[in-house]
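S.K.: Sequence:
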Amino acid sequence: MELKTIAITGLLAANIDVPTFGYLSVSSELENKQKYTTLIRTANSLSYMSQAIREVLLNYNWNRVVLIRSSTAACDIWTGGFANAFASTSINILTVLMVNFSDPNSINTILNQMKMIARISIVCPPLLPDSALPLLATAYKMGMTYPDYIYILPEYIALSMLAWEPWLQPSVAAEDSKFYQKVYKPVLTIKVAGLDTKNFQIFSDKVAGTVMNESITYQNANYTTDANLVLAAFYDSVYLYGITLNKTVSQGSNCYSGANIMNASRWTVYNGATGEITMDNNGEKVPRYKLGQLQAENSSITYFMLLGRSVNSTKNFNMQILNLLSQPIWGTSNSQPIPDVPVCGFNNEFCKPKNYLAYYIVAGVGIVLAIIVGIVAFYYYKKHKYEAALFESSFKVDMQYFHPFSSKDKSARSRVASLNADSVSTNTHNFLGDGSFETSAHGNNAKAVGTYKGAICIVKRRKKLGRIAFNKADKKIYVVLRSIKEISHDNLNQFIGLSIDENEYFYALWSYCPRGSLEDIIFNPEIRIDETFQVSLTRDIVSQHCLHIQGEQKKGDQY
1 MELKTIAITG LLAANIDVPT FGYLSVSSEL ENKQKYTTLI RTANSLSYMS
51 QAIREVLLNY NWNRVVLIRS STAACDIWTG GFANAFASTS INILTVLMVN
101 FSDPNSINTI LNQMKMIARI SIVCPPLLPD SALPLLATAY KMGMTYPDYI
151 YILPEYIALS MLAWEPWLQP SVAAEDSKFY QKVYKPVLTI KVAGLDTKNF
201 QIFSDKVAGT VMNESITYQN ANYTTDANLV LAAFYDSVYL YGITLNKTVS
251 QGSNCYSGAN IMNASRWTVY NGATGEITMD NNGEKVPRYK LGQLQAENSS
301 ITYFMLLGRS VNSTKNFNMQ ILNLLSQPIW GTSNSQPIPD VPVCGFNNEF
351 CKPKNYLAYY IVAGVGIVLA IIVGIVAFYY YKKHKYEAAL FESSFKVDMQ
401 YFHPFSSKDK SARSRVASLN ADSVSTNTHN FLGDGSFETS AHGNNAKAVG
451 TYKGAICIVK RRKKLGRIAF NKADKKIYVV LRSIKEISHD NLNQFIGLSI
501 DENEYFYALW SYCPRGSLED IIFNPEIRID ETFQVSLTRD IVSQHCLHIQ
551 GEQKKGDQY
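Take the sequence shown: its letter number 435 is residue 435 in UniProt numbering, and every next letter is one higher.
Wrong hints could be hidden among the right ones.
Restraint ranges, calculated between C-beta atoms of paired labels, are given here [claimed, not checked]: (1) 455 <-> 521: 18 to 26 angstroms; (2) 115 <-> 253: 23 to 31 angstroms; (3) 202 <-> 87: 39 to 47 angstroms.
Read the hints as simulated data drawn from the structure, not as lab findings. Keep in mind that this is a model prediction, so the values were computed, not measured. We put the beta carbon where it would ideally sit given N, CA and C, even for glycine.
Take the sequences, apply the hints, and build the full model.
M.R.: In structure tokens form, the structure reads like this:
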């Protein structure tokens, strides 16, 4: 019955105390039993579905929703119950968007409005959920689809037991079927539970057999399962009337009184054509709902949640989630339901544009620091390598490898003589003694000529005044000795090394110079030096116009 018809009938029946049973009346307004005191309904009030949707929203923390509805009277009735259902909760209906489901421009307009404010929507299509196909197809093409958007699509009026899913219709092409499945992927459908129970099938088979036997037609058409659902609802109401009538008669009450029939219906539980039915304290059927989604390819909706009104100790009914039959598939990276607000907000208001200049500055500073650190590290690496080579004591020599020449050794005399052939020196005999060092007439030096590892060299020996030991603290001495060892010049003898580990003396080895040394010339009485040469030589020495290395010296540094 239409709302106005049942409302007028209910008021009239209440006025004359006549019982009234509604098996298709679903308006929330008819719940007011102060007005409709004798109205008993076996059809679920739409307000109960609103309460079930409320529990779904609260369970997934979806507090921002929009209502998308058609202009039908059924949507007027259904959407009106949300204000009461959501009262005293955190759920906020942002706006109600009226749409013409057959007008692409109207659909585009409301979807663009929704895109700016919400990700969760409750859709009231003109009839069954398949009538929302144009809206969902447009949303899919706009990118407002799974898994970033959710469309709660109730089957608020059950008119048929036939599958409504567009992709399961036999006349649909395979390509269209795949598209429809993508379109309905973000949809959560909610419908009355219990209509597909064994009781309904038994009732349907009995009705079908009766119709066939009696050749009865329904509304001038052959019998179909569509009619079964209407007949089942009618059967449940008639069955309940029979139960309440018997109860009233057995109690000795007036069975014609609508108030008595209403009292008899309270808390009644019976098995009807649509399954087990429980009546509440107001003569209303206690509802059961199930929530589902498309999970498997080429299959019907998978229902994973059961909701309903449970009876507490005071016999008050509270809508709640009764059972989670399986886990929903959200398609998100963390397998959790999407938040009702994007991480960055709908207009990117929570994610400020990145200041790339700051990143560039930080990166530049980091590169500069890396270069500086690299240069410093390379410097210390080279320094460490240099010092490691410096402290290897490559200037040290072992005197056991030195073999002095003897005047009795003819081969030694011939080798020295060949080197002296072009020399101006005449004092080579000073270095060819008896195989030992010859003490110089000037100072405490002693010299000897011999071979060190096959090379002819001259060794200068001086007496040690104490123990000589170099360590890393004497780095300057290492540097000087290394520099002297590395000097190579035609006018300088090549420094071979020092021996400082002997007990009484230390030795300095130089490559043998056949021309003799400056000392040999200055202190040789056989060589006459005029005053001009002496003055020139003195000036060069004083002015340091000669090849030398002095290092940093102070008193006490000399041996």
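S.K.: Determine whether the Cβ-Cβ distance between residue 455 and residue 521 falls within the hinted range of 18 to 26 angstroms.
M.R.: Holds, since residue 455 and residue 521 (Cβ atoms, about 24 angstroms apart) stay within the stated range.
S.K.: Does the Cβ pair residue 202, residue 87 satisfy 39 to 47 angstroms?
M.R.: 41 angstroms, holds
S.K.: Tell me if the beta carbons of residue 115 and residue 253 are separated by a distance inside 23 to 31 angstroms.
M.R.: 60 angstroms, violated
Of the numbered hints given earlier, the model fails hint 2 alone.
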